[in-house]
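> One letter stands for each residue in the lines below.
2 protein chains.
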Amino acid sequence: MDITFRDHIERANQLAFQRLLEADPIWVNVGRAIDVIPGMTKNMILHAGPPIEWERMCPTLKNGMIGGALYEGWIKNPEQMEELVHRGEILFHPCHDHDAVGSMAGITTPSMWVYVVEERRRGGRAYSGVYEGRGKTLAFGCYEQETIDRLRWMDKNLGPILRRVVGTFKEGLPLKPILAKAVHMGDECHNRYVASTLWFVDLLIKGLLSLDISNAQIEAIYRFMTGEHYNSFLTLSMAGCKAMAEAFHHVLGSSMVTVMARNGTDFGIKISGLGEKWFTSPAKKVEGLYYPGHGDNEANPDIGDSTITETVGLGGFALVAAPATMQIVGKSLEEAIMLVQEMREITIGENETFTLPYMDFQGTPTGIDLLKVVETNITPVCVTAIASTLPNTGMIGAGFVRQPMGAFHEALKTFVAELKRNMDKEKDL
Amino acid sequence: MDITFRDHIERANQLAFQRLLEADPIWVNVGRAIDVIPGMTKNMILHAGPPIEWERMCPTLKNGMIGGALYEGWIKNPEQMEELVHRGEILFHPCHDHDAVGSMAGITTPSMWVYVVEERRRGGRAYSGVYEGRGKTLAFGCYEQETIDRLRWMDKNLGPILRRVVGTFKEGLPLKPILAKAVHMGDECHNRYVASTLWFVDLLIKGLLSLDISNAQIEAIYRFMTGEHYNSFLTLSMAGCKAMAEAFHHVLGSSMVTVMARNGTDFGIKISGLGEKWFTSPAKKVEGLYYPGHGDNEANPDIGDSTITETVGLGGFALVAAPATMQIVGKSLEEAIMLVQEMREITIGENETFTLPYMDFQGTPTGIDLLKVVETNITPVCVTAIASTLPNTGMIGAGFVRQPMGAFHEALKTFVAELKRNMDKEKDL
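In order, the protein sequences belong to chains A and B.
383 is the number of the first residue of the first sequence in the working numbering; add one for each residue after it.
383 is the number of the first residue of the second sequence in the working numbering; add one for each residue after it.
Where chains are identical, the list cannot tell them apart; a pair therefore holds if satisfied intra-copy or between any two copies.
Distance condition first, Cα-Cα at most 30 Å in a straight line; then the derived DSSO-like pairs of lysine-lysine:
no. : residue 1 : residue 2
1   : Lys558    : Lys713
2   : Lys666    : Lys713
3   : Lys588    : Lys538
4   : Lys713    : Lys563
5   : Lys552    : Lys588
6   : Lys713    : Lys667
7   : Lys659    : Lys795
8   : Lys795    : Lys809
9   : Lys558    : Lys588
10  : Lys563    : Lys588
Bear in mind the hints are in silico, worked out from the structure with no lab data behind them.
Starting from the given sequences, assemble the full structure and let the hints guide the process.
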C-alpha cells in the first residue's frame, strides 16, 4: 500500500479514535420502538446481526420472531408464523441499520419499549430494548405465555415509569461513569454487569422514590431490575456503546470497525469509512460452559448485537477486569492478560475511561482496525451468553468466541477498492 | 519451647482457627447501647482501643468524648468536659471489653443506636454503632452542632426504622456473603466498602419498601446510607468481624490474636488463650495520603477498632483485592501481593470465605498467631482512615500502618508464663 495512503488512513483513524474516546453517551429517554427508532414501521421486526432472510435464520432468531409476532398480535399461535412471513407483510431489519442494538436475538417490535441514549458530543442517538431478563425471553428465542406476559407487564408497569424516572435526571443519566466504575469492580461489561447494575439501580431507586407512586410499584420495578442476577444494565449499556460507536462511524478513509454483530447464522461488521455496507461470514460456535442439562448439541451459534461492547473496548477486550467471567470462559489470569495484550495488536489505542487495575491501570485496547486484524491474522475475542436452538428454553450457558476472519477479508477487499477509486479520483484532478 | 507444648498450642490454634472459619455473623437487631450492650451503664462512654485514662487520651478521642457528653446532655459546652471528668461521674471503657467495636474514636454513649450481630454457630453477640458518616462525626473527634444534630436525626429517623427493616429479614441478614462478594468487587473491607455498601443497601431498600412508610422517609434513609462515598457498611461489617473474633476467643492454649485495636495513644491486643488481658504499646503514625489542606502535623496517631477486620483476614490482609486502596496507601500491585504473602507468614491459614481473584482465588491470610509474629519479627499491616487532632475537622486522609511489635512482645511474656504455670500444674498431677 502506498505510504501516502497509509498516512491518510492513519489520520482518519486517529480522528475516528478521538471521537470514540470523547463520546459521551447519556440515557435521555425510553419509549416504544415505533415512536422513537428512526425508520421503524409498524410491520417491522428488528433483529440482531447483519441482514438475513427468514429461510436462513437460526432457530433462536426464528423463535424470537415468533414471540415478537405473538406479542404484537400478528399471529395467534406459532404455527401461523410461516404463513405470515410468506405473505410478505413483515419486514425484518437489522437493529444496527436503525441505530439500534438488541441483546441475543435482538427482537424489537414496534410496541416494545426501548432505551434512548444520546451521544452528547456529536448529538447522535442510539436505542436498545429494555432488558427482559435472562430467563424465557424473546432475546433467547422464547415465545410461551410467560414471555408474552412479561412483555405486557413491562409495557404497562415498567416502560411508563422508567420514562418518568429518566425525567427526574435533569441532564439525563451519563453511562460512561457507571461503566468505568464497574470495570474496577469485577465487570467486563458484556457478560457480567453486576457492579454496573448495582450502580444503575442505586440511581434508579432515587428516581423512583421521588415519584408519587406506591411502595409496592417501586418494589416491583426494583426487584425486576435487580432480578436475573443483577444483569439489567446490559441493554442500557449496549445502547450507550452503540452511541459511542456511531460517534466514530462515517469517518472517510478510516479502517476502524464500528459494528460487530451476529444473527446466529452470520457474523457481520461495518467499517467507519465504508458506510452502511455489511461484510459477513458464518457465525461461530461459542466455546463455553453450559448450565446443567444443556450442551453443545443444543447450542445456537454465536448471536447478538452485544459485541458492540467489544467494539468500544469492553467485554472480551476488558476480560482481565472480571475474574468471574474469566472462570466462566475457562481462562486463567495469565491467559486473560495475554488475550488483552493480543487485542492491543489489532486496536488503535487505549481507552482512557475503561482502565484495568490489575494491568497497571492501562486502558483497555480500543478501536479495532480492519487493517491490523488482517495483517496480524488476529480476530477480536468476545465473551457472550449461549442461547438454545430449542424454543422456550432461555439461556443455556456462556462462553468465548474468537470471531471469524472471513468478514474482515471481505471488508478489506472493498476498503482497498475504495482506496483505489479515491486514488484514481485524485489523479484525475 | 517444649515440643509437646508446641503440639498443644498448635492443636489449640487449629481449634480456634476452625471456629473463626465457621463463624457465621448475622445482623439480627439494632437498639440503643444502654438497652443491648452487656454491662453498659447510663454514665458510660465506650471508646476504641485498649483502656486509657482521660489524661492520656489523644485529641481525637477527647474531642469525641466531648461530643458524646454533649449529645447525652451531660454538659452544655465543651469547656464543661474537664470538670465532668474530674467529678469522676463518667466511666470510660473500651468497646472491646463489652463485645463491641467502634469506628475511629469509637465513641458509644448509652442512647446511641448500635447494630446487634449474632454469631450463629456459637451464639455470641457483638455490637457496633450505626454509621455516622465520614464527615464531622463523633468518630472523627467532632462535637459541633452539625454532629449532634446528625445523631439526633439518626436517633429519631434511622434507628427505629432500621429496627423495623431488620425485622423484615426472617432469619436476620447474613454478613459473610456480602463481605465475600465485595472482596471480589474491589473492596478490602476496611478502608473501602463501596461494593459491600451497594449490596447492603440493595437488601436494605427491599426491606424499607416493604414497610408502611412514606417515599420521603425511605429516600432520606437510603440517601443517608449511601452518602459519604458508599461506606455505611463499615460499622455493620465491624460488628460482624467482632462476632467472628469472639467465636475463637477464649480457646485455652491458643496463641491467636483475637483483638487488635487502637485508642490513638496505644495499640492493644488480646490473645485467645489469655482472656481479657490487654497488651499494649504506643500507637503508630499512619503513612498515608491527606486531603488537600491537611497533613502530617495535624494527624492523630493510629486510632479505632476497625482493625478487627484485619483480625479476621480482611483489610490490609486482603489489600490486593482493592486497587483503589492500593493507590491510596501507595502500594503497587507487586507490593500489595508481597504484603499479603508476608501476612501468610504470621497467620494460621487461608480464609475459605474471603478469596483473592488476582492471587489464584487463594484465601486471605487469616488468624494472626502471636508466636509467628514474634518469631518472624513481622507485625500485621492495617489500612485505615486518618483523623485530625483538631476538633470538628473530620477525616483528613487514609493510609497504612504496620503495627508495633511491643504489644506482641508483652503478650508473649504472659503467654510463656501461663504455659509454664500450666506445665507446672501438669507436673503436680
